[in-house]
Amino acid sequence: MTQYIIRRLIHSVIIVWGCATLVFFLLRAIPGDPIIQLLGPEYTPQAADALRAKLGLDEHVVVQYFRWMGNLLRGDLGSSITGAESVRSAILTGLPRTMSIAALAFLIATAIAVPAGIMAALRRNSVADFAVSTVAFIGVSMPSFWFGIILILIFSVELNWLPSLGYASISDDGLWEWFKHLILPSLAIGAGYAAILMRFVRAGLLEALSSDYIRTARSKGLTERRVVIAHGLRNSLIPVITVAGIQVALLLSGAVVIETVFSIRGIGRLLVGAIFDKDYPMVQGAILVVAVIFVFANLIVDIAYTLIDPRIKYE
Amino acid sequence: MSDASMTPAGELSSVARPARSSQHRLWRRLRGERKALLGLILVALLGFVAIFGPWLAPYDPGADDFDLFGPPSLDHPFGTDSFGRDILSRMTAGAQVSFTVGISVAALSMVVGVTLGLVAGYFGGWLDSLIMRFMDLLWAFPEIILAVGMVAVFGAGIRNIIIAVAIAYVDDFARIVRAEVLRLRQEEYAIAARSIGASHLRVMLQHILPNTLAPIIVQATFAVGLGILAESGLTFLGLGVSPSTPTWGLTLNEGRDFIRQAWWISVFPGVAIMVTVLGLNLLGDGLRDTLDVRGVRDSG
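Keeping their order, the protein sequence lines are chains W and D.
In this text, residue positions in the first sequence follow the numbering used here: the first is 3, and each later residue adds one.
In this text, residue positions in the second sequence follow the numbering used here: the first is 7, and each later residue adds one.
If you're looking for bench data, these hints aren't it; they were derived computationally from the structure.
One thing to keep in mind: the hints can contain errors.
[As the list claims (entries may be wrong)] Reference listing, derived: stretches of chain W covered by chain D, where coverage requires no fewer than 3 residues with Cβ under 8 Å from a Cβ of chain D: (1) 67-78; (2) 88-94; (3) 146-158; (4) 213-223; (5) 255-261.
[Claimed, not checked] Beyond 10 Å from chain D on every Cβ pair, some chain W residues (computed): (6) Arg9; (7) Ala50; (8) Leu177; (9) Val303.
Just so you know, even glycine gets a beta-carbon here, dropped at the ideal spot from N, CA and C.
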């Protein structure tokens, strides 16, 4: 097991290195001279040389690559072109917001999907099952940013219950304000995730309930509740965890788009803003950070398998 | 010259007949799947709108001589926008863009992904490692993030959107096909074909590829929906097709600032995206059941 974790860790580090390399060369693949694009109407040969030197683009690409890698290892992602702010500090400000949305979305989705999935599996082919399946299909087909707008329309505009814009930090504004600002964006991206999770819980539990050990558990005289929760649900968790790993990408992507809807300055808005400003160091940093989170979230998920199901042994 | 043209006519028809009857069987099974049938009807209806949109639209999508923020009415069933343009007409035009992007994304990611998966699975060894490690890299970027990055580098516009989103979905096809090929290359007919001197290309294209078609078709159906969602997301972020093209994502985004006074500008394009992707998901899910395909995930 330890050996497996070490191997997976090395694999993840290699993937992250590959991502960093890909991001580095992606920036260099911009057609034409990025400096001309960056300066726009303010272009003069002197200004171009100065900016090129500032960004380190006057050196050979190999030198640039090793410098970028060296800086990266020290946690230095460079500085923003448009402001004096370092990419690292901008990301450190934005990251808790994006992660808060993604984490709350995960909790909301799990709280909806697991009971709904269980209910659908236990009452297979009933009206409840049909309703759950229909809602799941709609949820998975809905653009999260559109659902976010609908939520604003209902809960902010019509009912005036929740704020439609912005972010409140726990330290400055308290837990309740933080939660009030995050609930709509989290629900907007959590709905799609809940839809997928619901289908996996239903399918996983149905498969588990048709197994021999469930028949044994029933024949032992266990209550139906205990059969479902202690035996069925635990064994149906594997696909649920698998999908959770894959869906970290959905939550992160969702957070990136939903931040624009709710005007929350997380990683997503930072990234989109940086693209409009042609702030390439910021674009690089933001994309890389998202990729790193995704790779390591999947590593954690892989390790979590073994804790939930001791039958899984990695070579 | 192909084999079919060298075959006597009688033999050709006897070969063709089972293919027709298997298509017929597939259609019968698909018809039995209510989900798939509903999906097919939705996709067919919206596809019809996409193709014949210019003739179906009540007004010119660019005409801005109506009331500003007109609510849904008999003259304008989906209302008018902040420029006084008819939303239904704009959405009809947008259907064409959405379908073009969705189908192009699916086709491009399918061609590239299937080729890479086929080569990786068939040849194995270092080529497999090289291709699949590259797929791991693509996988490490959440799709929208990868597409956003590509658009940042290569610029917005419909062609770049299609390429960026297609690249993001290449790994799904490559993985599915590779897994199938790893299994199929050990089958007797593949080994037999090689032993009678068939070239690698011939074994791959004529013996292995046709047997991987079921999961490819299912994945491609989902990919059209994913492409439509990704395009609308990118356009919503302002990184999509040009503002002069009336796409669903753009109309939706334009309505965002006026949600308090004119909800219809954002709501109807969102419903259009949802219904289209729902249709494709239902169809893909039905095909997955009908073709008995496992391991292909949908729009999630």
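How the hints compare with the structure:
1. 67-78: violated (count 0)
2. 88-94: violated (count 0)
3. 146-158: holds (count 7)
4. 213-223: violated (count 0)
5. 255-261: holds (count 3)
6. Arg9: The claim holds: arginine 9 (chain W) sits with its nearest Cβ about 14 Å from chain D, beyond 10 Å.
7. Ala50: 20 Å, holds
8. Leu177: 28 Å, holds
9. Val303: Non-interface label on valine 303 (chain W) holds, nearest chain D Cβ at 14 Å vs cutoff 10 Å.
In summary, the structure is inconsistent with hints 1, 2, 4 from the numbered list given earlier, while agreeing with the others.
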